[in-house]
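**Student:** Below, each chain spelled out in residue letters.
Number of protein chains: 2
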Amino acid sequence: MARDKDFIPEEKIAKALDVFWQKGYNATSMQDLVDAMQINRSSLYNSFGDKHNLFLECLRTYGYLAAQDFESVLKLKDLSPLEMLEKIIDVYVEGTVYDCKCCMGIKSSFELAGDDEEVRRIIKQASDRTIGLFTDLLRRAKEQGEIAEDKNPAVLAHIIFNGFCGWKQSYIQFKDASLIEEMATYTKKHLRN
Amino acid sequence: MARDKDFIPEEKIAKALDVFWQKGYNATSMQDLVDAMQINRSSLYNSFGDKHNLFLECLRTYGYLAAQDFESVLKLKDLSPLEMLEKIIDVYVEGTVYDCKCCMGIKSSFELAGDDEEVRRIIKQASDRTIGLFTDLLRRAKEQGEIAEDKNPAVLAHIIFNGFCGWKQSYIQFKDASLIEEMATYTKKHLRN
DNA sequence: TTTATTTTGGAATGATCGTTTCAGAATGTA
DNA sequence: TACATTCTGAAACGATCATTCCAAAATAAA
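Line order of the protein sequences matches chains A and B.
Here the working numbering is used: the first residue of the first sequence is 38, the next is one more, and so on.
Here the working numbering is used: the first residue of the second sequence is 38, the next is one more, and so on.
Accuracy of the hints is not assured; some may be wrong.
Where chains are identical, the list cannot tell them apart; a pair therefore holds if satisfied intra-copy or between any two copies.
In silico PhoX-like pairs for lysine-lysine, Cα to Cα no more than 25 Å straight-line [claimed, not checked]:
(1) 212 <-> 188
(2) 60 <-> 114
(3) 226 <-> 188
(4) 60 <-> 42
(5) 161 <-> 60
(6) 226 <-> 88
(7) 179 <-> 226
Hints listed in this document are in silico derivations from the structure and should not be mistaken for laboratory results.
Given these sequences and hints, build the entire structure.
**Tutor:** Spelled out as structure tokens, the structure:
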């Protein structure tokens, strides 16, 4: 009974996501968002609620995309479970070194997850999904004898996932790509023995 | 020729550090600092410059204290190099689980170090000092045959140090102390073989 | 075409931001 | 005691913050 929006919400969320991703929550102003999304202030509030709500929406989108990114490796045929996991690690290293934008989940976790329960919940959900994927691959690797019998897939999955966090931080600080690669190589080597 | 300050600067820096540590840079207002430091606005600006400068001072203090904290383990006698490193890991795990306040270096790194060169420099300096300590311990452990000949002390030191980052993040998200302990155990086990 | 409903643009809100100003109190030195 | 200098307290600064409001433009359905 009334006119439609002049924009596609998903596209605007993607624009906002870019800004939040780069600057973080607190350092991003509504003016930044209005500029980046190329949308009127009223439309922004009308469609997405306030800043906090918009951020949550962006974080959900990010979590969804990031998890999908990890899972895309599963589609590669002719790879054993362990090889898939190694491929995932390689892809992540590439992303860490190539794109200076740090993982938004990690960044938001340190900035907000301590105080903001909803933020924590969203990040945890995305983490759970990815750690679950890793655990599954490791369990299958164990069944096929690719990794030792005494390894605990769940703990190992957490360690790999958490290693990612450190690699990002290391790269921010040292800007040393080969160091990240060496750490990844070390991690992969210790999966096998 | 004129009156002295009514306060001890180091004490006020410590108060400010607490606030920045907990809330992060952007989420901390000058009003928060005035309240916490129990100091007049003018005195604050007069003694410490602006917000950014005060933050840098706090970060330097933090880095100094954190590095000292790691080094305090060196004073323990009757410990081999590898045992010292294991002790350091244990102490860090305890700190991670006991004190919900995340490492300020890591937090600031993700919030600011990407854009703020001075912040990056300060954090890097503290990291270098601690990673240097770890490297040294690992080198001595290698000399004494505590760790395998094919290990690279420098890379291993980075891996341990970076693992810390992930543990913090994991604890923020999962609040699972035993998970952190298991990850630490795994790390220590893989130092030896 | 009319009507009901929504979007849109832009101005305006009060709150809070980091910072400055300034008069007066305080105090070390001469 | 007198002077020079610094610190202190409180108010005030302009800028920016997130958010709201309202009238006008737009348009889907009746």
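**Student:** Regarding residue 161 and residue 60, is the shortest C-alpha distance of 25 Å or less found within a copy, between copies, in both, or in neither?
**Tutor:** Result: close both inside a copy and across copies, 21 Å intra and 21 Å inter.
**Student:** Could you figure out if residue 212 and residue 188 sit no more than 25 Å apart (CA to CA) within one copy, between two copies, both or neither?
**Tutor:** between (32 Å within a copy, 23 Å between copies)
**Student:** As a check of your reading, is residue 60 near residue 42 (CA-CA no more than 25 Å) within one copy, between copies, both or neither?
**Tutor:** For residue 60 and residue 42, the Cα distance exceeds 25 Å both inside one copy (28 Å) and across copies (38 Å).
**Student:** With identical chains, the pair residue 226 and residue 88 could be close in the same copy or across copies; at 25 Å between alpha carbons, which is it: within, between, both, or neither?
**Tutor:** Close neither inside one copy (44 Å) nor across copies (46 Å); limit 25 Å.
**Student:** Reference check for the pair residue 60 and residue 114, CA-CA at most 25 Å: within, between, both, or neither?
**Tutor:** Close neither inside one copy (38 Å) nor across copies (46 Å); limit 25 Å.
**Student:** With 25 Å as the alpha-carbon cut-off, assign the pair residue 226 and residue 188 to within, between, both or neither.
**Tutor:** both (14 Å within a copy, 12 Å between copies)
**Student:** Should residue 179 paired with residue 226 be assigned to within, between, both, or neither, using CA atoms and 25 Å as the limit?
**Tutor:** The answer is both: 15 Å in one copy and 19 Å across copies each meet 25 Å.
Hint compliance for this structure: hints 2, 4 and 6 are broken, all remaining hints hold.
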